[in-house]
Each structure stands twice: as structure tokens, then as C-alpha cells.
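Using the hints, put the two chains back together into the complex; each one sits in its own frame.
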Amino acid sequence: MTDRRASLMVTCLGDLFFPEVGVSIVRVLRKLGVTVDVPADQTCCGLPLFNSGYHTEAAAVARRTVSLFKDSEHVVVPSGSCAWMVKHEYPGLLAEAGLAREAEQLAARTHELSQFLVRVLGVTEFTSAVPGRVTYHDSCHLLRGLHESQSPRTLLGKLRGAELVPLPGADECCGFGGSFAVRLPEVSSQILAKKLANVEATGADCLVACDAGCLMQMGGGLTRKKSRVRALHLAELLDGSR
Amino acid sequence: MKDTFLQEALTIATTKFIGLRREAFAGFPEGEALRDQARAIKEATLQELDRHLETLIANVERLGGHVHYAATPAEARSIIVDIARRTGTRMAVKSKSMATEEIHLNEALEAAGITPVETDLGEYIIQLAHERPSHIIAPAIHKTKGQVAELFTRELKRPAEPDPEALTRIARGELREKFLQADLGITGANFAVADTGTIVLVTNEGNGRMVTSLPRVHVAVMGVEKVVPSLTDLMVFLAILAKSATGQKLSVYTSLVQGPRRAGELEGPEEFHLVLLDGGRIAQIGGPLREALSCLRCGACLNVCPVYRQIGGHAYGYTYPGPIGILLTAMMEGTPAVKDLAHASSLCGACADACPVRIDIPRMLIDLRREVGDRKIAPWSERVAFTLLSRLLRHPRLYRLAARAGRLLQRPFAGSGRVSRLPRFFGEWTRTRDLPPVASRTFQERWASDKDLRA
Numbered sequence: 057m058t059d060r061r062a063s064l065m066v067t068c069l070g071d072l073f074f075p076e077v078g079v080s081i082v083r084v085l086r087k088l089g090v091t092v093d094v095p096a097d098q099t100c101c102g103l104p105l106f107n108s109g110y111h112t113e114a115a116a117v118a119r120r121t122v123s124l125f126k127d128s129e130h131v132v133v134p135s136g137s138c139a140w141m142v143k144h145e146y147p148g149l150l151a152e153a154g155l156a157r158e159a160e161q162l163a164a165r166t167h168e169l170s171q172f173l174v175r176v177l178g179v180t181e182f183t184s185a186v187p188g189r190v191t192y193h194d195s196c197h198l199l200r201g202l203h204e205s206q207s208p209r210t211l212l213g214k215l216r217g218a219e220l221v222p223l224p225g226a227d228e229c230c231g232f233g234g235s236f237a238v239r240l241p242e243v244s245s246q247i248l249a250k251k252l253a254n255v256e257a258t259g260a261d262c263l264v265a266c267d268a269g270c271l272m273q274m275g276g277g278l279t280r281k282k283s284r285v286r287a288l289h290l291a292e293l294l295d296g297s298r
Numbered sequence: 045m046k047d048t049f050l051q052e053a054l055t056i057a058t059t060k061f062i063g064l065r066r067e068a069f070a071g072f073p074e075g076e077a078l079r080d081q082a083r084a085i086k087e088a089t090l091q092e093l094d095r096h097l098e099t100l101i102a103n104v105e106r107l108g109g110h111v112h113y114a115a116t117p118a119e120a121r122s123i124i125v126d127i128a129r130r131t132g133t134r135m136a137v138k139s140k141s142m143a144t145e146e147i148h149l150n151e152a153l154e155a156a157g158i159t160p161v162e163t164d165l166g167e168y169i170i171q172l173a174h175e176r177p178s179h180i181i182a183p184a185i186h187k188t189k190g191q192v193a194e195l196f197t198r199e200l201k202r203p204a205e206p207d208p209e210a211l212t213r214i215a216r217g218e219l220r221e222k223f224l225q226a227d228l229g230i231t232g233a234n235f236a237v238a239d240t241g242t243i244v245l246v247t248n249e250g251n252g253r254m255v256t257s258l259p260r261v262h263v264a265v266m267g268v269e270k271v272v273p274s275l276t277d278l279m280v281f282l283a284i285l286a287k288s289a290t291g292q293k294l295s296v297y298t299s300l301v302q303g304p305r306r307a308g309e310l311e312g313p314e315e316f317h318l319v320l321l322d323g324g325r326i327a328q329i330g331g332p333l334r335e336a337l338s339c340l341r342c343g344a345c346l347n348v349c350p351v352y353r354q355i356g357g358h359a360y361g362y363t364y365p366g367p368i369g370i371l372l373t374a375m376m377e378g379t380p381a382v383k384d385l386a387h388a389s390s391l392c393g394a395c396a397d398a399c400p401v402r403i404d405i406p407r408m409l410i411d412l413r414r415e416v417g418d419r420k421i422a423p424w425s426e427r428v429a430f431t432l433l434s435r436l437l438r439h440p441r442l443y444r445l446a447a448r449a450g451r452l453l454q455r456p457f458a459g460s461g462r463v464s465r466l467p468r469f470f471g472e473w474t475r476t477r478d479l480p481p482v483a484s485r486t487f488q489e490r491w492a493s494d495k496d497l498r499a
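Those sequence lines, one after another, are chains A and B.
For the first sequence, this note's numbering gives the first residue as 57, with consecutive numbering after it.
For the second sequence, this note's numbering gives the first residue as 45, with consecutive numbering after it.
Quick caveat, the hints were computed from the structure, so don't treat them as lab data.
It should be emphasised that the depicted structure is a prediction, and the values quoted were computed from it without experimental measurement.
Yeah, the Cβ is synthetic: ideal placement off N, Cα and C, and Gly gets one too.
One or more hints might be untrue.
Unchecked claim - Chain B stretches covered by chain A per the calculated footprint, using a threshold of three residues with CB under 8 Å from any CB of chain A:
#1 289-297
#2 350-362
#3 431-437
#4 476-482
The following block holds chain B by itself, in its conformation from the complex (with noise of 0.2 Å):
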């Protein structure tokens, strides 16, 4: 929070995304319309999600590829490192997934003796660099592009200016053997077309491109939410998920995979794995985080997100930063988990005007602090406190004696006409800001006595 080349690097990034995202829908009047009617896709699609997910798994089937189900992430690693040692895989390169992350599958596959490469220009420099992603879409964020020339100079032994055409130039190159040489393609997916059993990818490098068609095998792993029913739906989301993400059109590459390689195609995987992570979602269609299953990962809410837009994604401690991963990561890893991001918002509602699916994140947010109180998580003192505070806001002759006291008890810190300083708890806001003292009448003394003030 003190590095202030990671605040520099985040305020100017968030901002360019807010203006680039702010200007696409300006340019789109019928985008209010199609976040609605995508919004209204993903709730239809949740009520029967058994059944677009059967046909899913039918149309996968049919065109020769194999499907997996994976109740937890160690399952979905366990499958994933079994394909991998079943078909000799030595090396594998991936294309951004964060679906992959939230599993921490490059650490399964190091474990297995398997070199797992990320090829997302971000992700790349994630991984020299041994770090975490720190937003949704744009994993360096936290990176200034000295930073970048630093890593590549000292991590691939060769000097690098801090020009970011120069530094994918130095990346492309050193991805572009590891294409040819990786045995293994793994890719999360964005949509699932169950109609037509295909997965969607949407990038902007080309890379996933390479990753599900040049190596032998293509495994991706999604979401079970990630099922959309027909290819009329994946246009509604396309149209506005570029345009939330980075306030593109469309992005560059849009990638419709399906199956492995047929009879008489030129490329493509000889065999492709489709693994359906459930992960603590499908608890969740009944749940009181059901709203989240929505959620397209397009990052917007953590772009408009003051507190994100101060801390940075690695803050938050869990793979999904930002408002909408804090509710994924109480759906992932149980409320208790985030008993303390519960109350990392200032309840803004940014975040839920800029989603693109209008998910409610502040309510879940309130709704999660209220779990975290009923089940008595939250600290024994602060329940004490919020309790006395009940009471005095329900009893007007307690709200008045503590007027009151409030009033003796600042004597000593508000000689100034302001209080600057307080000790203990209340210290929390003075240390950077006055507070103003409790009158000396309040309104209502003022209403109850004053003449004139009635009149």
C-alpha cells in the first residue's frame, strides 16, 4: 500500500480503463438494453443449468472431445496432471485463465515435472516475476513498464529497454519456440456454447489462438456459469464484455473451438478435455451469492473500485481481487475467509454501475458482513459496540445523555474548535482528519428552546 510505484501504475491504468470503458457505451445506445437481456440469459441459464450443462457435455462428446467434472480444485488439478502424464507432456503452454489460477494450477504441474508457460504478454511477466495476478484482465497491472525492462533483463539474461513495443517484441520471441515445442494447450473459456459445444475464447494477443491449435492436446477449464445456451445468447455478451473489459469493440481475437481435430482438418489438437470446475458454485445457485454467478471477469468493478484502485489486487490475498472477488472468494473458500474483505468497500456502488450484468455487489457485501455477525465471526468487541449502539439509537434519553458526554468527554481535544486528536479507536479518524466536536446544542436542544428557530 506504501509502494507508490504500485499506486503510480494503478491510477494511471484504472483511470485509462474507466475513460476507454465510459466512452464505448456512450458510443452504444443499445448497450443499456443488451446488459438487461444479458443479465436476464445468465438467470435463465442458472434456473436450469443441469440441463444446458448435459447438453454441453452431449455436444462436446459428439464432436470427439472428452468432459470432465470436477467437484474441487484439487480434483480439477488431479485431472488436468493426469492428461498431462498420459500424454507425455513435458512442457505446457497456457493462455490467460483465471479459472486455472483459482485452482493454482502451475504449481500442480511444476509438482508433476511438468514446465507450465504462460503466453499472455501479462501473465508471462507474472510468472518471471513469481507472482499472482493482480487484476482480472491485465494481470501486471501493478507493473510499470521499468519494472517490466528490470525483470526481463534480469530474468532472460538480455537487456530490455522499458518500451512496451520492445518488451512484447522480447516476449513473442521467447514464447514463439515454446509453441512449437509444448505437447500440452490449456485455456480456461470465457463461454461455453452448449447448443453447439463450443468454447469461446475472447484475447487480445493471438496467443490463445496458438495454445489451442498448435499443440497435440487442448485442455480448457471453465466455470459450470460459464455455459451459455445458444450462439444468439454468446452475441449479447460479446458485445458488451469487450467493451466493460477495455472499452474495445470487440477484442481482437474471438476464438470458437470445437472439439479436437477432424478427418481432413490441418490443425488443430489430436484430442481436447473440457474440465467443468464446480468450486463452490453450484452451493451457490440457491445461495445468497447467486447474483455472482453472473459475472463475466471482465474486471470493470475493480477499475471503478476506490479501495481496489488504492490496495491492488494482491491485497485482497485470494486469486479474485476486487469487489466481485471478494464475494467469489467467500463462495470459494467460505465466509469466514472474508470476515475481514467483507468491510474492505465503502459501499460506493461504482462497482455495480459499472458491472456489465448489474450484479448488486454492495448488497452481497452488506449481506456478508451480516453473516459474519450472525455466526458470531466478527470480533466479540465490535459486536459489543454495534450492540450499545442499537440501544442508544432506540432509547432517545440515551442518545441524549451521550450527546452529552460526547460533549464532556472531547473537552480536552477541542480547544480549537476542532478535534485533532483522539485517543484509541476514535484515533482512526483523527490521525488523518479533524472531526468536528458534538455541538453544544444539537439541533434538537437548538428546536426544543429556541424561540425563533420554531417560529
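The shape of chain A in the complex, shown without the other chains (with noise of 0.2 Å):
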């Protein structure tokens, strides 16, 4: 099938909270004849320092990044706010270090699963490990910031067992916005009220993203309210044999 090889970069979220994220990339990979390798000691990739306005900070953690993932030939990424990170800011935030070009090499190697599957590998069949009606959520940072709202629709349109359905205003924020949803959480529960009313309208089973962090939010939201629409990351359809 192919001969790549491809570094996941779990993200801290991916790591502490979504584990079996981070196991079906491996697994979907693998299948795809894709050698995966996890560079060790792997932390965060910055963002919500950056988001913050802590930039010292931010780029202290970027210079661990690009030198864990420096032999990558591909860097696989299961969260879009965090790719974009890598692709859209560390360039500019390594500048002054000196690393600009290292930056960039590393941001142009760089992927989001769903662009990784589709983009790079050109892979858009799978089946279903959660057969049922889906509904897919444009995480901002995935749609605004690398502008893909194709490549996750094109798989879950396409996955054996699953029925696509579209979301009234898929391409609204769930209210996530990191340290956002701390800062002000009551405005950031509002929102996420308005985005589960629109997900159980659907009538979907499953309310699928690209980002740990919007699912985090909407997950959290749809298990308090004891919805019946189950909350996972695209990843976790995709690896259809378990």
C-alpha cells in the first residue's frame, strides 16, 4: 500500500485524556501499511500558552518540539488547533532563536489526521467501528485556520456503516476556546448549549471532531446533559476493526 512513515504527535490532551485517540491513529496507520513511531517525552505543543499571551513561554516549548519530531518524514496530528499551532505560529515564534527554517520544515511536514489520510495518503475508505447516524463538527482552528472543512466530511461520507448527516451550524464555536471556558464559563456553557441543541436535533448517534479540545467541551456537555449522542474523535470510527 505504501512505505511511508509517519511520527505521531499525540498532544497533551490526546495523551492525558483521549488515550485510545492516540491508539487508533497507530492502528488505522498501521493498516494503511504506515510505519508509526512516537517520539518519547512528548508534552504539548504550546498553544495555550501562545493563546494566552505567554510567547517566551510558547516558544521555549516549540524549540522541544521541532527538535523531538526533527527526523520525522511526516508529523500525524489528531487535533487541528494543534497542527495549526505548529504549521501557522512556531515559524514566527522561533524567528528570534534563530530557527525559523527548522520551523518550517517541520510545519510543512506537518498534518491533521484527516488532511494526513486524505491529502497525503489519498486513503478515504474505512469502515465504521461505530456503525450508526454521525454528524461531524467543524473544530475552528481546523476550518479557519488550515481551511479544511472537506477531508473529514469526505471520510465520514464515505465510511462503511455510518450515515452522514449535516449539522446546523457545524461551523459555529462550541464555546471550547481553552483557558475560555474557565475564564468566562458561563458564556462559554451558553454556547455549548446552543451547539448540543443543533447536535441532538440531528438525530445523529455520534457527534464526531478533529480537535481533543472541542471534544473535550462537547463530550463533557453531552455526558452531563445524559444525551444519548456518544461524543468521539474521528480516529476512533475510523479504526473499524475492534
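Next up, the structure:
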């Protein structure tokens, strides 16, 4: 199928809260013949620091990441926001340290998962691990930062055993926004409530997103209201053999 | 925020605006290129703002108008109050203008014994209610028609039905007299064309025309960044402004005003004054908020902002609400004023996407957050927390230790497999949302120990 190699950047949220997403990605990629490695000692891309304005600190974290993945052929990231951070913000952040070139090289080799599958590997057909009706939420950084709305929909649209139904207001923020969710908890929760009302109106069994932040927010809201809808990462659906 | 009327009114109105804007641009394939062109014109104009302003001033004066320069809102107020006094003004009619809101003109006029009358329907409603606009182009967006009917019944002492047409008829009747009585007409300006000395007003109700033609004196107030070099440039902006604001191809009225009435003309004011307002703008030509000087005040970023749509304009606490409003507030009031507002955004980017001139609002919000941190305006506890976080993320051993600590500390709260109630700061999350527990084995722990996973 392919003789490619890819390194998984599991991200802090993926590592700590959603390890099963990382496991699914490894299995999905391996089934496609991709040799997967996970460089040791990963922490976080630094986006939480960057977005809150702590740029010196974010640059120090970015510097680590660049060095961890310097030998990777491709870097696959489960979250659009982290991929955006590496692709869009690292070069500028690391310019002062004289590492703009290294950062740009990493940026070019870094891909959000759905983009890696569709745009790099050219693979679009999978069997769903969670049969039923699914709907898709556009994560802000993937949609407006990386201008990607199609790849996840292509994958879900062709997913055997799953029926993709459109989500009204799919491109509207879920209200996560990192520290925003706890700085303005009421506003964040009200935005979430609107999102979840739209999700439940679709009749979907499963809400899919390509960002651990959104999944934390929307999944946390769904279980709190004891909804029958499950929030899952795209990788968990694509991993059809389990 | 807990006002359900407010949220209902906001949701309905902003959803309508979003749809109209989307349709307007969908049927206008050249729109994207015009947006780029508009931005390029703004950038080029800012490069030589002084030259364009000099040209504008020369042309307005050539047409018989007077130009005043106000460095601060206070200067602008006193210039206008002086004009009003000198011309014996007792009543001033106004068309909708955010610049006059910015300088708090109505209060200054009232203090000088002059009655300001807002003639834009939304502004008229707001003035009757003794409130301030909650949206840049739809000042009364937070009010339902029922609330407006109650307001009219109470303030105008006549029964009013909650029917938009009937309400408009009442307002029109009330205002007609005022147009004829007023000595002074006050407007803002959407643009000023340097080459021709033309002030451009983009309106929908026709009140702008009455304000600029019926009273003896016309004063227009505008931020210095509103100047555009030529009529050709103006056309680019007119092609995208109304589409972004209300989804109209063009607004109902586009008024081009050139100085006072000339010999032989039948209408128009005897005197025309243009007040050029700095108010923090000039300093940003070379400053971090430069991009915000391209703002056309269309309000598109407010309509799409999930935060604005939830809290409404008044909650921001300053003249200009919404994402762009945070930047303009920083420009006019200084960074400390927005130390909290800079965080009133999920950085979702919908604003930058909707902006007709593609202002990268989220980036500037992040830069403001940085300044708030660097200048130590941010709370001490927050700075400590982020310093600790950065240390944790730079040292994998500390990171792993933190994961283990999290697992221990969450034990009393994670019985059900979800964390539903956490103390203190973390409770801000769990009040409305569950949190997944820190995994019993993190992905990296599994990768290190599971041969199956690595194979």
C-alpha cells in the first residue's frame, strides 16, 4: 500500500485524556502500511501558552517540539488546533531564536489526521467502528485556521456502516477556546448549549470532531445532560476492526 | 446575560444578518477580490494618511467648508458645542454615528442646553430608553418589537402596537417636526473622499439626507482613518460595505455631501464643518493595532461572534462592542481597559472570516493578551499559573509527575468514570460540563509498555 513513515504527535489532551484516540490512529495508519513511531517525552505544542499571550514560554515549548520531531518524515496530529499551532505559529515564534527554517520544515511535514489520510495518503474508504448515524462539527482552527472542511466529511461520507447527517451551524464555535472555557464559564456553557441543541436535533448517534479540545467541551456537555449522543474523535470511527 | 429577551432578540437578529451576508456574497463572485482590493486601498492610504488628509482639508475648504482637528474626544466635543452655541442652536438633529457615540456628544450638548435628537430609528429608540447602542449598525438590536412598543407607549404617551411598520410611522411623525425645527444637523461619515472633498453617508432610512440638508448648519464627525483617496476607491468600498453589514447590494441611500449650499442651489446648509477625530488612531498607524484602522464599522464581526451573540453589546462596557470593539477600545482607552475583554473571545476566527477587509482580529487579541501579561496587568495568580504550566511543558519528567498527581487528586471525584464536580478554579468547568479523568495510563505510558501497540 505505502512505505511511508509517520510520527504521531499525540498532544497533551490526547495523551492525558484521550489515549484511545492515539491508539486508534496508530492502528489505522498501520493498517494502511504506514510505519508509526512516537517520539518520546512529548508534552504539548504550547498553544495554551500562546493563546493566553505567554509567547516567550510558548517559544520554549515549541523549540522542544521542533527538536523532538526533527527526523520525522511526516508528523500526524489528532487536533486541528495543535496542527495549526505548529504550521502557522511556530515559524514566527522561533524566528528570534534563529530556528525559523527548522520550524518551517516541521510545519511543512505536519498534518492534521484527516488531511494526512485524504490529502497525503489519498485514502478515503474505511469501515466504521461505531455503526449508525454520525454528524460532524467543524473545529475552528481546522476550518478557519487550516481551511479544511472537506477531508473529514469525505471520510465520514464514505465510511461503511455510518450515515453522515449535516449539523446545522456546524461551523460555529463550541465554546471551548482553551482558557476561555474557564475564564468565561457561563458564556462558554451557553455557546455549548446551543451547539448541543443543534447536535441532538440531527438525530445522530455520534458527534464527530477532529480536535480534542472541542471533544472535551462537547463530550463533557453531552454526558452531563445524559444525552444518548456520544462525542468521538474521527480516528475512533475509522478504526473499524476493533 | 440572563435576560432571555435579550438572547432571543440577539439570536434572531444576528442569525438573519449572517444569512443575508452569506447570500449577498454568494451571488457576487467578484466580492472576494474586492475585499482584498479594499484592504489594499486602506493599507496604502494609511501609508500616507497625512497627505490624504491635507488633500481632503484643502478640498473641503475650497468648497466653502470648515475643517477642525480634534486630538481627543474632549476637543471634539468642545468644537461642536462651540459651533452650536455660535450658531444659536437650540436643537440638533443627528443621523446615526458611532464617532459621536465615541465622543459622548449627546451628553455634552445637553449639558450646554442644546437638545440632541437622534433620527435613525434604532438610535431614536435607544435615546428614548436612555441607553447606548449595543451594535455598531443596529443600535437597538437587543430590543424586541414588544419592548419598543412599550417604550413608545410610555415615553411618547400614546398607544403603540408591537408592529414594526406602525412603530416606524409613529417615530417618523415625531421626527418630522424636529427636522424642520433643528438649527444644526450632526452626522458621522462612512468615508471622506480626499480628491473631491466629499463626505459619504451610507444609510437606509433617508434621515441622513434630511439631517444634512434641512438645518442651517451641518457638522460631520469622523475618525481620521475614514479618508479614501478618490471616488474610484470609494466604489470598491461601497460594493462590499452594505453586503457585509445588512446583506444589501447597496444601502437604500448613499449620500455624497460636498460642502455648504452654493450660490444658486436651493437646499443645503449655510455652514458645513468637518471634525477630524484622532482619539488614539494616529498612534496606531505604527502600532500593534494598525490593522484595526481598516475597519469599516459594518458590524459583520459582531453578528458571527459566539460571545457577542450570547452577551450582547452592552456587556462589553464601551462604545464599540464585539471583537473589533475590543481592539477599538484598546486603541481609544489604552490596553489596561481591555485586560479582561481581551479574553472575551474563544479565538474561533469567525470574525476575521466575516470581516470585509480581512482584519485579523484574533491575532491582535492574542497580542493584547501578551501585552497584558508582559506589562504585568494580568492578575498575579494567572501569571504564576502560566509560568508553572510552561515549566511543566518544558520538562517531560515534571509533565509525567503532574499526570500522576492528577490521577491521585481526581480519585475522590472520578468515581463514575467522569469527573462531574471539582473544587475551586476547576469547578468553573464542572459546573456545566463533565471532564474526562486523567487516563489510568496515558498514551505515552501505553506506547512505552504495550508491545502490541508498538509492533
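Taking the hints in turn, this is what the structure says about them:
1. 289-297: The restraint on the segment 289-297 of chain B is violated, since only 0 of its residues have a Cβ under 8 Å from chain A and three are required.
2. 350-362: holds (count 4)
3. 431-437: holds (count 5)
4. 476-482: With 7 residues closer than 8 Å to chain A, the segment 476-482 of chain B meets the three-residue bar; holds.
Checked against the numbered hints above, the structure violates only hint 1.
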